[in-house]
Amino acid sequence: MSSTLTDLSMLELAAKLATREVSSVEATRASLQRIAQVDPKVRAFLRVDEPGALKAAEASDARRHAGSPASALDGVPVGLKDIFLTEGLETTCGSRILEGFVPPYDATVVRLLKEAGLPLVGKLNMDEFAMGSSNESSAYFPTHNPWDLTRTPGGSSGGSAAAVAAREVFGALGTDTGGSIRQPAAFTNTVGLKPTYGRVSRYGVIAFASSLDQPGPMARTVGDTAALFQLIARHDPRDSTSADVATPDCLTGLEDGVRGLKLGVPREYFTAGMDPEVEGTLRASLEEFERMGATLVDVSLPHTKYALATYYLLASSEASSNLARYDGIRYGQRAKDARGLKELYTQTRGQGFGAEVKRRIMLGTYALSAGYYDAYYLRAQKVRTLIREDFTRAFQQVDALVSPTSPVPAFKLGDKVDDPLSMYLMDVYTLPCNLAGLPGLSVPCGFTQAGLPVGLQILGRPFDEARLLRIARAFEREHDFFRRAVPV
Amino acid sequence: MALTLEQVRHVATLARLSLTPQEEARYATQLSQVLDAVAELEALDVSQVEPTSHATLASSLLREDVMRPSLPPEAGLANAPAKVGTAFAVPKILE
Numbered sequence: 001m002s003s004t005l006t007d008l009s010m011l012e013l014a015a016k017l018a019t020r021e022v023s024s025v026e027a028t029r030a031s032l033q034r035i036a037q038v039d040p041k042v043r044a045f046l047r048v049d050e051p052g053a054l055k056a057a058e059a060s061d062a063r064r065h066a067g068s069p070a071s072a073l074d075g076v077p078v079g080l081k082d083i084f085l086t087e088g089l090e091t092t093c094g095s096r097i098l099e100g101f102v103p104p105y106d107a108t109v110v111r112l113l114k115e116a117g118l119p120l121v122g123k124l125n126m127d128e129f130a131m132g133s134s135n136e137s138s139a140y141f142p143t144h145n146p147w148d149l150t151r152t153p154g155g156s157s158g159g160s161a162a163a164v165a166a167r168e169v170f171g172a173l174g175t176d177t178g179g180s181i182r183q184p185a186a187f188t189n190t191v192g193l194k195p196t197y198g199r200v201s202r203y204g205v206i207a208f209a210s211s212l213d214q215p216g217p218m219a220r221t222v223g224d225t226a227a228l229f230q231l232i233a234r235h236d237p238r239d240s241t242s243a244d245v246a247t248p249d250c251l252t253g254l255e256d257g258v259r260g261l262k263l264g265v266p267r268e269y270f271t272a273g274m275d276p277e278v279e280g281t282l283r284a285s286l287e288e289f290e291r292m293g294a295t296l297v298d299v300s301l302p303h304t305k306y307a308l309a310t311y312y313l314l315a316s317s318e319a320s321s322n323l324a325r326y327d328g329i330r331y332g333q334r335a336k337d338a339r340g341l342k343e344l345y346t347q348t349r350g351q352g353f354g355a356e357v358k359r360r361i362m363l364g365t366y367a368l369s370a371g372y373y374d375a376y377y378l379r380a381q382k383v384r385t386l387i388r389e390d391f392t393r394a395f396q397q398v399d400a401l402v403s404p405t406s407p408v409p410a411f412k413l414g415d416k417v418d419d420p421l422s423m424y425l426m427d428v429y430t431l432p433c434n435l436a437g438l439p440g441l442s443v444p445c446g447f448t449q450a451g452l453p454v455g456l457q458i459l460g461r462p463f464d465e466a467r468l469l470r471i472a473r474a475f476e477r478e479h480d481f482f483r484r485a486v487p488v
Numbered sequence: 001m002a003l004t005l006e007q008v009r010h011v012a013t014l015a016r017l018s019l020t021p022q023e024e025a026r027y028a029t030q031l032s033q034v035l036d037a038v039a040e041l042e043a044l045d046v047s048q049v050e051p052t053s054h055a056t057l058a059s060s061l062l063r064e065d066v067m068r069p070s071l072p073p074e075a076g077l078a079n080a081p082a083k084v085g086t087a088f089a090v091p092k093i094l095e
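Chains as they are written, first to last, in the numbering used here: chain A, 1 to 488; chain B, 1 to 95.
Extracted from the complex, chain A is given alone in its bound form (with noise of 0.2 Å):
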C-alpha cells in the first residue's frame, strides 16, 4: 500500500482524502515511512518532524471527518526548504552559523501552509543560504540525485527537489533567487515554479538577495504545483515588497490547452555550450507545441549575455548586506575563544560560513565598497532595466517564452565544487527572469538516453502565473513523465 501511496499526485491524494477513502495519518505515515526506505541513499532531508506531521495529519483527518476540511489539500503531507522559518523547529539554511537556531515564529508561507492543514514533514537541505546549483554548498551534506544517486539534484532548492521526486514527499516549498527552483525541478523531473516577484510572502523566508528572492511551489505535476501555489500566492502587509493582487485561479483554465498562443523562442537561449541531448529534447518540445496549435515566433533578448554578470554583482551585493546580521550575538553560532567584540565578530563569521557564501560575502562587499560602487554595483543595476526592457519588448509580441531551463542533465557530484565560475554558467538561462522579476516554470520535457531528466522553461509576463500553468499543462498531458518510476 505505502509504496503506490506515495506515488499518487497531491491532487490524486486529495480526492481520496476526500472520500476518505485514505487517512491523512496513512499517507503520513507512507510519506515517512518512504524516507527511512529512501532518504539514507537521497539524503534530502536536513530533519524530520514525525511528532509534528502526524499530529497535524491527525487534526486534518478530525477535520475531513466533520466534513470541514481546511482546503483542497488538507492532510496532504508536504516538506519545506529549510531557508522558511518553523516555529519551535530547527531551522539552518544550510549553514553552520545557525546550527541550533530555532525560531519563534513562522514565515507566512508555512503558517498558510498550516492553516490549509498539510502535514509538514521536515526540513530540506539546501546549499548554504541558497548560494549554489548543486547543493553541495550545504554545510551538512549533498544531497544526491534520484534519478543517479552519482549526480547532483541541482540546487540551491535540491532537497526540496530531490524528495519530491523520490517520493518521499508529495510536494514542497522552494526558493528562487536566479534558479534555485527551476534548475533543480529539471534535473529531477519534478514541476517548479517560480512566481513574480511579490506574489508570494517573503516574510519569515532567510534573506539571500532580497529584490531576486521568490518561494515557490515543487511537485510532480502541473496541477500539483497550481494547487500548492494558490494556497501561498497572498498579499502579506508584513511584505513591504508583497504585490497587493488577488490569489489567482490557476485550476479552472488549466486543461485549456495552447491553441492561439504564441509562443516566443529567444534566440540567445539556444547558444553554443548547451548539451546536444538538451538541445535535441528542447527542439522536438517545441515542434510539439507547433502541433498543439501554438506559433512559435523567433524572438531576441539581446542583453542575456550580460545577465550572468550583473546577476552575480547584485545578487552578491544585496547578500553581502543581509548576511551582516549573522554576527553571534542574538542568535546562532558564536565563536569560542574571541578576545573582544571584534574578534568575536570575525571569527564567529570566519567560523560559521562556508567557502561559498564567503566567496559572494567577499565579492558583495567589494562590490559596495568606496571606489568601486559606481562602477560594479550601479552598473549592474543600470544593466538589469536593459535585461527588463528587452523582456518588455518581447512580450508584446508573444504570450510567453519557452527556452530549456539548464543548458546540461544533472552533473556529477564534486565535478565543479572548485570552479565557480562554471558552477554560475548552470543558471544562465534561469536568472534573467528573476533580475526582470518575472514568473517562470519548469517542467519535465524528456529524458537522456542516461535516463537523466530535462526540464522545459516556460517564462511569463508579470502575474501571469496561470497561463504558464496552461502551457505547461497542455505539455504534460501528451506525456506524463512524472507517471514514470525513480531508480531509488
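Bear in mind the hints are in silico, worked out from the structure with no lab data behind them. These figures come from a predicted structure and were not determined experimentally. The beta carbon of each residue, even a glycine, is placed where N, CA and C say it ideally should be. Accuracy of the hints is not assured; some may be wrong.
Straight-line C-alpha distance at most 25 Å; calculated DSS-like pairs for lysine-lysine [stated by the list, open to error]:
| no. | chain 1 | residue 1 | chain 2 | residue 2 |
| --- | --- | --- | --- | --- |
| 1 | A | K16 | A | K55 |
| 2 | A | K55 | A | K114 |
| 3 | B | K83 | A | K382 |
| 4 | A | K41 | A | K114 |
| 5 | A | K336 | B | K92 |
| 6 | A | K416 | A | K305 |
| 7 | A | K416 | A | K41 |
| 8 | A | K382 | A | K305 |
| 9 | A | K412 | A | K41 |
| 10 | B | K92 | A | K342 |
| 11 | A | K262 | B | K92 |
If you want a taste of the chain A side facing chain B, the calculated C-beta under 10 Å gives, among others [what the hints assert, rightly or not]:
| no. | residue |
| --- | --- |
| 12 | R339 |
| 13 | G437 |
| 14 | P462 |
Dock chain B against the given chain A, drawing on the hints supplied.
Same frame as chain A, now just chain B:
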C-alpha cells in the same frame, strides 16, 4: 583585474570575516577571475539608463501605523548565545 592579497585583507576586514592565509590566497585568485568575467558590463553604454533597484512593479506598500504585539523578551532572547537578564551579552567593548 587582479586583486592583491592586501586588497583581499581589506575587503575581509570590511566584511568582518577572519580568513586563513589559504583562504586569502584562494579568494585573491577566484575573485580576480570573477571580476574579469563581470568586466564585460563595461562594454555597454549605460550613461542614459536609469538603474533598477527592485523588480517590484508597484512602489513599496505602507501598512497602517497601529501598534501590534511583538515578540516577548524571553522568545527574542531564546536563541542568544549569551545573555544577562533581558539583554544580549557581549565581550567588553571598552578596555
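Query raised in the report: Among all the numbered hints in the text so far, which are the ones the structure does not match?
Result: 3, 4 and 11
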